[in-house]
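J.: Chains as they are written, first to last, in my numbering: chain A, 1 to 357; chain B, 1001 to 1312.
For the record, the hints were derived by calculation from the structure and aren't laboratory data. Yeah, the Cβ is synthetic: ideal placement off N, Cα and C, and Gly gets one too. Do not take every clue at face value.
[Said to hold, decoys possible] One-sided excerpt, in silico: chain B residues whose CB lies under 10 Å from chain A:
hint	residue
1	Tyr1210
2	Leu1212
3	Ser1215
4	Gly1218
5	Thr1219
6	Pro1226
7	Ala1229
[What the hints assert, rightly or not] Derived Cβ-Cβ restraints for the label pairs, each shown as a range:
hint	chain 1	residue 1	chain 2	residue 2	range
8	A	Ala185	B	Gly1030	40 to 46 Å
9	A	Leu197	B	Met1298	40 to 46 Å
10	B	Ile1139	A	Asn68	51 to 57 Å
11	B	Leu1293	A	Asp77	54 to 60 Å
12	A	Pro231	B	Ala1299	53 to 59 Å
13	B	Tyr1266	A	Gly150	56 to 62 Å
14	B	Leu1217	A	Asp179	36 to 42 Å
15	B	Ala1132	A	Ala185	54 to 60 Å
16	A	Asp216	B	Ala1196	44 to 50 Å
17	A	Asp179	B	Ile1047	51 to 57 Å
18	A	Asp179	B	Val1102	44 to 50 Å
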Amino acid sequence: MMQVPVAKAEQATSAAVLRIAAVSKRFGSMTVLQDCSLSVAEGEIVTLLGPSGCGKTTLLRCIAGFWNPEEGAILIDGQDTVQTPVNRRPVGVVFQSYALFPHLTVAENIGYGLRMRGLPKTEIAARVAAALETVSLSGLGGRYPAQLSGGQQQRVAIARVLVLEPRVLLLDEPFNALDAKLRGAMQVDLRQLIKRLGMTAIFVTHDQEEALTMSDRIAVMRAGRIEQVAPPEEIFDRPATAYVADFIGSSNFWQAEAQAGRVILPDGQDLSTSLTGPVRVMSRPHNLSLQPGALGPWQGRLLFQRSVGALVEYHVTTDSGDMRVMAMRRPAARQPVEGDTVTLGVIDPGLCAVYEP
Amino acid sequence: MTASCTRLAARSPTPGLLEAVADKLLSGRGIWPAVPAIIALTVVAVIPFIILLSLGFSQIEMERGTIVSQSFTLDYLINALSDPLYWTTFQRSMTLALTTTVLCLVLGYPVAYLYLIGGRWTRRAILILTIAPLLTSGIVRTYAWLVILGGRGVVNTALMQMGLIDRPLRIVNTHVAVLIGMVQIHLPVMILPLIALMARQDRRLEEASYNLGASRLGTLWHVILPMSAPAIGTGTALVFTLSYTTFVVPQLLGGGNYLNAATMIYEQVVYSLEWSKGSVSALILMASCLVVLTLIAMATSRITRWTKGRDA
Chain A
1 MMQVPVAKAE QATSAAVLRI AAVSKRFGSM TVLQDCSLSV AEGEIVTLLG PSGCGKTTLL
61 RCIAGFWNPE EGAILIDGQD TVQTPVNRRP VGVVFQSYAL FPHLTVAENI GYGLRMRGLP
121 KTEIAARVAA ALETVSLSGL GGRYPAQLSG GQQQRVAIAR VLVLEPRVLL LDEPFNALDA
181 KLRGAMQVDL RQLIKRLGMT AIFVTHDQEE ALTMSDRIAV MRAGRIEQVA PPEEIFDRPA
241 TAYVADFIGS SNFWQAEAQA GRVILPDGQD LSTSLTGPVR VMSRPHNLSL QPGALGPWQG
301 RLLFQRSVGA LVEYHVTTDS GDMRVMAMRR PAARQPVEGD TVTLGVIDPG LCAVYEP
Chain B
1001 MTASCTRLAA RSPTPGLLEA VADKLLSGRG IWPAVPAIIA LTVVAVIPFI ILLSLGFSQI
1061 EMERGTIVSQ SFTLDYLINA LSDPLYWTTF QRSMTLALTT TVLCLVLGYP VAYLYLIGGR
1121 WTRRAILILT IAPLLTSGIV RTYAWLVILG GRGVVNTALM QMGLIDRPLR IVNTHVAVLI
1181 GMVQIHLPVM ILPLIALMAR QDRRLEEASY NLGASRLGTL WHVILPMSAP AIGTGTALVF
1241 TLSYTTFVVP QLLGGGNYLN AATMIYEQVV YSLEWSKGSV SALILMASCL VVLTLIAMAT
1301 SRITRWTKGR DA
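Please take these sequences and the hints and turn them into a complete structure.
T.: Right under this line is the structure:
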């Protein structure tokens, strides 16, 4: 089931800052990571996306060195780090609730790593001041973390690892502790900051919108495996598995029969496939069209409709199953009402995906 | 809660007042919820103590069982402060208490650290082993030390069996025996506040510390130790107070000739029936204890000033 697109294989060369090679991790008899492979290029932001319990945090903790995988290798700049103790890895972690030291001031928090490296006080002060500047917190160095807002705390947590110039930045659900209103703006800010500094980052989340905003590429995880690694648009348009299609965005599935490399769609169009026999076909709601009346072969009854801004979401029951359609709102006179017979069509068969049943 | 208040109020002849008092006691603001405890302590501790203290500062003339005259005097206090016996006794008490406190901290902190890094079963075991001694009274435990450390006790028998010594060591009735007993009796009081704090400790702070390049020792020194300062302060204050004013351990393990502040007061009041002397000694004991507690509180508050700005 694991598919790493061949096109991405070239990134698994020495150019990759971080390479995760066939990593497996078990806790007792439970396998939490199975054969995970992933390469991250210099300056790239990759998101590990999946529901809770899919192993994304475990993978992050393995990269950080808090846990070690039983099998596989984690290479940073080509060097296997599995034997490297946690405090020697060139990896900076931004924790879910930031884990700022409450007994140290903001400046002392940021200077902590430099102090542990035994740097002279004057250099620590200079680098802390620069880091505060980078995250726009100048003037707040003397405060304690409890005196800061959630967003400010997050920036201290980032500055605390940035100041050590790690090769890889790991962010474990950094927006979880923030209220929903702040998140959107903070996501854009954080992405821009990481890009400006040219950092290589791995970002863990269960929130697909966050993943779509933050990432250059998304690795969708399920039950300890990486299902697909691809840029956000590709994940959305060409989900490699039915699971990815279902997890990212909304989707319609129906059963069909593949014969001689083709699948006939309910509206009469057809689609090529490498599968034969019974298959599942997937289309996004915005790739379906809806016409009032009985105009074609794919007819159904309108169950429910609601306006979502300029778009209308329709729920239609058909012989192939219940479908969701997203389409532009029509002039009031030509807008169907609930209970009407409607005709569905696939706008671009190329954007449908065919999966094993 | 409201229902029971209403019911109480309905039965009371002055519903308004009782309800108002109940409301104050339960509202949790100011000192109101502590009022019952304050009243109880005033009756059983503060008033008797004031009466006791007044004995130390009054010159009482008695004739045939009745008081004929009573006047204020500082003679007892001045006599006590100019008596070298008092100074050596209080100094002995202070040294014993400070040594006990330091030893309890030195022995107790590693246990708390083990609790912090331990798994579920380690934590349970530490908790049980810490609390178990508290289930027997201090007197019983002190007698147990007599059995262990005595002339024909476990320690001496074992040492003689191994041929390390020819005749029993004299341990009981020495300073060492008192110190061993004191540390054992008071160790749980040091450990409990420490592990209560460790149980609440956010383990991610340690991970963050390691991730930032700190070693285990560096993390202990720069993160765990400063963050446990409030519990160290509590444990230190408790152990110091208990061991500075202790009576049972020095009395039993010191064999009746180990004089500390509490045993001296006991002798003054029970044997010599000099209540005025005993009263003044008790005052000195309490005052010197408060001085040390204040120093501990000041040091703790200085180290934990980061907790103050929480809501700023």
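J.: Indicate, hint by hint, whether the structure satisfies it.
T.: Against the structure, the hints:
Below 10 Å, beta-carbon pairs count as interface contacts, and B:Tyr1210 has one with chain A at about 5 Å; its hint therefore holds. About 4 Å separates the beta-carbon of B:Leu1212 from the nearest beta-carbon of chain A, less than 10 Å, and the hint is met. Interface hint at B:Ser1215: satisfied, since its Cβ lies 6 Å from the closest Cβ of chain A, which is below the 10 Å cut-off. For B:Gly1218, the suggested interface contact is upheld, since its CB lies about 6 Å from the closest CB of chain A, less than 10 Å.
Taking 10 Å as the C-beta contact cut-off toward chain A, the hint placing B:Thr1219 at the interface holds, the least distance being around 9 Å. Proximity of B:Pro1226 to chain A holds as hinted, the smallest CB-CB distance being about 5 Å (cut-off 10 Å). Interface hint status for B:Ala1229: upheld, as the beta-carbon distance to the closest one in chain A is roughly 8 Å, under 10 Å. A hinted range of 40 to 46 Å holds for the C-beta pair A:Ala185 and B:Gly1030, which are about 42 Å apart.
A hinted range of 40 to 46 Å for the beta carbons of A:Leu197 and B:Met1298 is consistent with their spacing of about 44 Å. Between B:Ile1139 and A:Asn68 the Cβ separation comes to about 52 Å, which falls inside the hinted range of 51 to 57 Å. Roughly 56 Å separates the CB atoms of B:Leu1293 and A:Asp77, a value that falls within the hinted 54 to 60 Å. Judged by the Cβ atoms, the range 53 to 59 Å given for A:Pro231 and B:Ala1299 holds: they are separated by roughly 58 Å.
The hinted window of 56 to 62 Å between B:Tyr1266 and A:Gly150 holds, with their beta carbons roughly 59 Å apart. The given range of 36 to 42 Å is respected by B:Leu1217 and A:Asp179, whose C-beta atoms sit roughly 39 Å from each other. One distance hint, 54 to 60 Å for the beta-carbon pair B:Ala1132 and A:Ala185, holds here, with the actual separation near 55 Å. Against the hinted window of 44 to 50 Å, the Cβ-Cβ separation of A:Asp216 and B:Ala1196 comes to about 47 Å, which satisfies the hint.
The hint said 51 to 57 Å for the Cβ distance between A:Asp179 and B:Ile1047, and at roughly 54 Å that hint holds. Roughly 47 Å separates the CB atoms of A:Asp179 and B:Val1102, a value that falls within the hinted 44 to 50 Å.
The structure is consistent with each of the numbered hints, conforming to all of them.
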